[in-house]
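K.L.:
Each chain, written out:
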Amino acid sequence: MNKVASIFLFVFITLVSCHKDNDDNVSNVNISLHFTHNWDGIPVSNSDFNALKFTNENGEMLSIERLRYLISDITLTNSTGESLTIDAYNLVDVTNNGNLEFSPEVLIPTDAYTNISFTFGFTNEKNIDAAYQDLNSASWFVPAMLGGGYHYIQFDGKFLNSSNIEQGFNYHAIRAVDNPGANPTFPQDTFITVNLGAVTITSNIVFNIEMNIAEWFKTPNIWDLNVFNQSLMPNSTAQIMMFENGQNVFSLKSTK
Amino acid sequence: MKRWTLHILIIVAFIITSCSNKSVEVYTSTPSPLNIPQLFQDKILNPVIPIDNPQTVEGIALGKKLFFDPILSADNSQACADCHAPENAFSDSDRFSDGIDGSLGNRNSMPLFNLAWNYDEKFFWDGNTFSLEHQAFVPVTDPTEMASNWTQVEEKLQQHSEYPNLFNQAFGTSAIDSTLVTKAIAQFERTLISSNSKFDKFLLGVATLTPEEQNGFNIFMDENKGDCFHCHGSENNPLWTDNIFHNNGLDNTFTDLGLGAVTGDPADNGKFKSPSLRNLAFTAPYMHDGRFATLEEVINHYSEGLKQSSTIDPLMKKVAQGGVQLSVQDKADLKTFLLSLSDYEFINNSAFNNQ
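Read top to bottom, the protein sequences are chains A and B.
The letter at position 105 of the first sequence is residue 105 when you use my numbering, and the numbering goes up by one with no holes.
Plus 1000 on top of the position in the second sequence (first one is 1) and you've got my numbering.
FYI, nobody ran anything at the bench for these hints, they're computed from the structure.
Model, not experiment: these values are computed from the prediction.
Beta carbons: idealized from backbone N, C-alpha and C, even for Gly.
Mixed in with the good hints there might be a few duds.
Just some of the chain A residues that point at chain B, by a computed CB distance under 7 Å [to be verified]:
| no. | residue |
| --- | --- |
| 1 | N50 |
| 2 | E65 |
| 3 | A130 |
| 4 | Q133 |
| 5 | N136 |
| 6 | S137 |
| 7 | F141 |
| 8 | P143 |
| 9 | D156 |
| 10 | G157 |
| 11 | K158 |
| 12 | G168 |
| 13 | S231 |
| 14 | M233 |
| 15 | T237 |
List time: in silico SDA-like cross-link candidates among lysine to any residue, alpha-carbon distance up to 20 Å [to be verified]:
| no. | chain 1 | residue 1 | chain 2 | residue 2 |
| --- | --- | --- | --- | --- |
| 16 | A | K126 | A | P184 |
| 17 | B | K1225 | B | N1300 |
| 18 | B | K1307 | A | I165 |
| 19 | B | K1225 | A | N50 |
| 20 | B | K1225 | A | A144 |
| 21 | B | K1122 | A | R66 |
| 22 | B | K1307 | A | L160 |
| 23 | B | K1225 | A | V106 |
| 24 | A | K126 | B | D1042 |
| 25 | B | K1065 | B | P1164 |
| 26 | B | K1307 | A | N50 |
| 27 | B | K1318 | A | N164 |
| 28 | B | K1225 | A | N179 |
| 29 | B | K1318 | A | N235 |
| 30 | B | K1225 | A | N97 |
| 31 | B | K1318 | A | A130 |
| 32 | B | K1122 | A | N96 |
| 33 | B | K1225 | A | S231 |
| 34 | A | K253 | A | N30 |
| 35 | A | K256 | A | D48 |
In isolation and in its complexed conformation, chain B is listed as follows (with noise of 0.2 Å):
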């Protein structure tokens, strides 16, 4: 053997020898990227993802965990489903929800999907919050809800037999701190996914209407009746909200400046986000302050109870006659059709359901 053969050889196993079995460990959680609906695909932007905090498998578990965990509230009695039932779309069947010592907000709990199509980010029927993480934060320390403080969830979940472990596979990190426990929450969150309604299912091809369904729906899209297009999506939007403000005629003068509030600008109060048309069936009382207990209700105050204020919007139509003036038959359509829009996989998908 040539001798610059045998210091090659000396050299790689020098090198080979130097490499032990030991592995630097760098844990990495498993993408989960949102199995977003066709409809969705095809019609609308993509969903809003934010880039610090990508869906995986062991965050959208541990989010769902925390979701229905009543270790959040400050004596460990209220859970956020307990406001955001599964069952109810994740909204509350009471008017005002009622925080862990009894006490009452003044608003009605915000159903909850589809929040990643939420693309300005505005969230709370004023929009006083951006972002799906920050909205997290907000019920835990509110004192008429959770009424806790974060160093006391921190320390009760560092304590916890599971979460250390869990936050550990979902973020590399055992040390819990609020950030990740929002981020976590927003995970599982943004898999609530609304998509399966009889509607949808119309739209690809596999469902058939009824005439009182389809006539409903000519009712919502014609500007000469119900006009509920321009603020609550069509087909080609099946979001069925433009997720924006606007005052819609409930009172005269205001009580809850809503939007007004988090601006500012008086131009601003009485609105309110329009709500998805999703899931009615399930989302009842109606209105951003659970005013109205049925459908009916609903469609009488757009039809005849307007009230005119200085920031109700122009697409509210015939104000000074109350409304749009509905015949019985309409109002029973646009009813059906809007029943049309609930989707019962939704609130029976065990993926969401506290199992």
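So here's chain A without its partners, still in its complex pose (with noise of 0.2 Å):
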């Protein structure tokens, strides 16, 4: 009878040390990155390619014939400050409708939280050449005598130049480097922590996001493709200006 009455116990006590936690309302969900683009508010998918459609703050005529860019370590920022970041990357391919959603392995817990980010680019930590074996396989590196790793961002197309002729263009981001060569030196940083605010996460969730094309042209520097338009991955002038005029190219348009 003692055996029994201690099995008893032992079940009540089990029972009983059940009970719901203040933390049983936190799930894990799911989040995606969904990127959509414009110039200027008017909706540009690859269908609107191949084409001297658009038009620069600096008055040029110009088609976009590639556009790929590359965003990694997307981070979420609670009230407390904790950061949570997704280690993973995502190479959108605009030219064909690849990559355009994003959804991370990874779970989040339910939260207000503060900020959600991620990185246009790859920070330098992450930036390590040869590392990653699809960006290699899609030719997306960037050359050792550059500092090597990875291209942020491939955007090529024409534009009617000063003399009214097709020119080609090839607005590459890369970290900006000097002295290329062996020993290249890194002027300043140039990948972007893109900041698209406060977001409040109950379940599984989709961000919208925006890319303003025409932004790459305009703010703060007014971009003459007359003067910058190819070989600009050796031109660290050029590739500050690029960081510079990223700061506002991304939004965050709705969630659903």
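Dock chain one against chain two, each of which comes alone in its own frame, and use the hints as you go.
P.N.:
Below is the structure:
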């Protein structure tokens, strides 16, 4: 009988020790980033490519022929200042409608976050030469003489130059570099931390993120394609201007 | 002995004796996964192997036999290897290959190597065919090539003294059809891996570049000079191609629309696949139409010969000046580097030759 009593006691203690913690209100959910693109509010997709249908702030007519860019390190910051960074990256390929939706394989705790952000490109620590096989396979690398690592954006097209002739441009952002060669130097960081603001996550959620492509040519530097068109990767002045103009390119349009 | 023990013994004896020596013959061919080179393993994604056509010893051997056998052509006069010769890195030294009746195509035969790493699986200069298996279908019936038909080919193979057994060994059936023929050829083609050039060995630390080769590589990677890397790979993409379609400024107007004829999009007119720069020592003439007989002509094209057109790739530099304006020395060094990507072990590999 003592044995039976002991078993009942054990079961009873086990049962009564189960109570509802406040923490049980926290659940883990999926987040996705959906990327759309516009030119000063007019939607842009790859069906708009290959035609001189855009005019930049400097008044040059231009076309888009190829547009790819990298984002990484989605970070959520909560009210206590703690940050949760998702160690993943996504190569958005607008040309081929590839990876416009990015759903990291990480569950996020529901919470009222004071900020969600991502890195445009890679932070220097993650911009490791040859480290990512998929990016190598996608010819996304940067030559070692320019510091190696990877592109942040490849934006290729044509514009009508001052002689009214179509000319190619390659708006390629990388880590700004001086002294190309065996010992390049880096004047300043040019990856961009894109802050999208406060978000409350209560269930699975999609963040619709817009890139205003026109902003790359607008603020604070009015971009003159007659001056800056090709071979911009080794041009640290151009790279820093891209960094500055990229500060307001992205915005959080909506969530669903 | 107790009664229940006896019953058990009887049941066991019954089961044992009911098992005959007849076994159900389930044939399985011998797996032969691709031997992925170290640089490829380290730098790029895995090769594309269709789930319904795994590499096997028997399938590869059959594919090799078919590749070198003129039985696939209408009059038994032409094999795949006639236009894809091993000594030319499986290309053709003629500008245009002639078919069984002497008629000529309008494009240069593409070299065949590292095909399993064509991730988009778009084959031919204009990407008109998806997957290596489907690619192998095309030349057999092309009237300017083997000019045969698959019914005829299947019949000839079926009546052959060896092939039915070889298909049985490879695929578990001696009933030959075109799908199995192309599967076998594709298996063989996937084994055509080129990864032992001098530059590969340099990257692996077992060879040293000459100063000219090193300077040529720097020109290749320098956006202010050659800027070749955006389309043709680098030390981090040992395929030396992006396998993407570009208009590289060959013509002002197009007689061959290339990708544009496939997609129907005028924006694709004049675009052709970037070829790999491996094995250039063996693959002359160059470009989709073999218009350049020498590497000097190719380099001069990018340096001074670019032609403006509506679809020229924006990556083409200084088009108004004709190109990137390399010096004589830079051109010579660039050529020297490009030749360091040639793989003599590949063209001499007995596994790839008709032996």
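K.L.:
Now, for every hint given, state plainly whether the structure supports it.
P.N.:
Right, here's what the structure says about each hint:
1. Residue-level restraint check for N50 of chain A holds (minimum Cβ-Cβ distance to chain B is 4 Å; threshold 7 Å).
2. For E65 of chain A, the shortest C-beta to C-beta distance to chain B is roughly 6 Å, which falls under 7 Å, so the interface hint holds.
3. A distance limit of 7 Å between C-beta atoms decides the matter here; for A130 of chain A the minimum to chain B is near 5 Å, and the interface restraint holds.
4. The beta carbon of Q133 of chain A is positioned within 7 Å of a beta carbon in chain B (closest approach about 5 Å), and the interface hint is therefore held.
5. At its closest, the beta carbon of N136 of chain A sits 5 Å from a beta carbon of chain B; the interface hint therefore holds under the 7 Å criterion.
6. Annotation: interface hint on S137 of chain A holds; nearest CB of chain B at approximately 5 Å, less than 7 Å.
7. For F141 of chain A, the suggested interface contact is upheld, since its CB lies about 5 Å from the closest CB of chain B, less than 7 Å.
8. With a least beta-carbon distance of about 4 Å to chain B, the hint placing P143 of chain A at the interface is held under the 7 Å criterion.
9. Because the smallest distance between the Cβ of D156 of chain A and any Cβ of chain B comes to about 4 Å, under 7 Å, the interface hint for this residue holds.
10. With its C-beta approaching chain B no nearer than about 6 Å, G157 of chain A sits inside the 7 Å limit, and its interface hint holds.
11. At about 6 Å, the closest approach between the beta carbon of K158 of chain A and any beta carbon in chain B falls short of 7 Å, and the interface hint on this residue holds.
12. Interface hint status for G168 of chain A: upheld, as the beta-carbon distance to the closest one in chain B is roughly 3 Å, under 7 Å.
13. Interface restraint check: S231 of chain A against chain B, minimum CB-CB distance 5 Å, threshold 7 Å, status holds.
14. With a cut of 7 Å, the hint placing M233 of chain A at the interface with chain B holds, because the nearest CB-to-CB distance is about 5 Å.
15. For T237 of chain A, the suggested interface contact is broken, since its CB lies about 14 Å from the closest CB of chain B, more than 7 Å.
16. Taking the CA atoms of K126 of chain A and P184 of chain A, the gap is about 18 Å. The hint holds against a cut of 20 Å.
17. With a CA separation close to 13 Å, the supplied pair K1225 of chain B and N1300 of chain B stays within the 20 Å bound.
18. About 13 Å separates the Cα atoms of K1307 of chain B and I165 of chain A, which keeps this hinted pair within 20 Å; it holds.
19. Of the pairs offered as hints, the one joining K1225 of chain B and N50 of chain A is violated, with about 26 Å between alpha carbons and a cut-off of 20 Å exceeded.
20. Distance check on the hinted pair: K1225 of chain B and A144 of chain A sit about 15 Å apart at the alpha-carbon level, within 20 Å; holds.
21. Distance check on the hinted pair: K1122 of chain B and R66 of chain A sit about 19 Å apart at the alpha-carbon level, within 20 Å; holds.
22. Restraint check: the Cα-Cα separation between K1307 of chain B and L160 of chain A comes to about 17 Å, which is no more than 20 Å; the hinted pair holds.
23. Annotation: proposed proximity of K1225 of chain B to V106 of chain A is violated, straight-line Cα distance about 43 Å (limit 20 Å).
24. Our distance criterion of 20 Å between C-alpha atoms is met by K126 of chain A and D1042 of chain B, whose separation comes to about 18 Å.
25. Proximity of K1065 of chain B to P1164 of chain B is assessed by CA-CA distance (about 13 Å); at most 20 Å being required, the pair is judged to hold.
26. The hinted pair formed by K1307 of chain B and N50 of chain A meets the criterion: a straight-line CA distance of about 18 Å does not exceed 20 Å.
27. Restraint check: the Cα-Cα separation between K1318 of chain B and N164 of chain A comes to about 15 Å, which is no more than 20 Å; the hinted pair holds.
28. Distance hint between K1225 of chain B and N179 of chain A is fulfilled; the C-alpha atoms sit about 16 Å from each other, no more than 20 Å.
29. Under the criterion of a C-alpha separation no larger than 20 Å, the hint pairing K1318 of chain B with N235 of chain A is consistent with the structure, at around 17 Å.
30. As the CA atoms of K1225 of chain B and N97 of chain A are separated by approximately 32 Å, the hinted pair breaks the 20 Å bound.
31. Of the pairs offered as hints, the one joining K1318 of chain B and A130 of chain A is violated, with about 29 Å between alpha carbons and a cut-off of 20 Å exceeded.
32. Only pairs whose Cα atoms come within 20 Å are accepted, and K1122 of chain B paired with N96 of chain A is accepted, the gap being roughly 14 Å.
33. For the given pair, K1225 of chain B sits about 9 Å from S231 of chain A by alpha-carbon distance, which is consistent with the 20 Å threshold.
34. With a CA separation close to 19 Å, the supplied pair K253 of chain A and N30 of chain A stays within the 20 Å bound.
35. Of the pairs offered as hints, the one joining K256 of chain A and D48 of chain A is violated, with about 26 Å between alpha carbons and a cut-off of 20 Å exceeded.
Figure legend: structure checked against the earlier numbered hints; hints not met, in rising order: 15, 19, 23, 30, 31 and 35.
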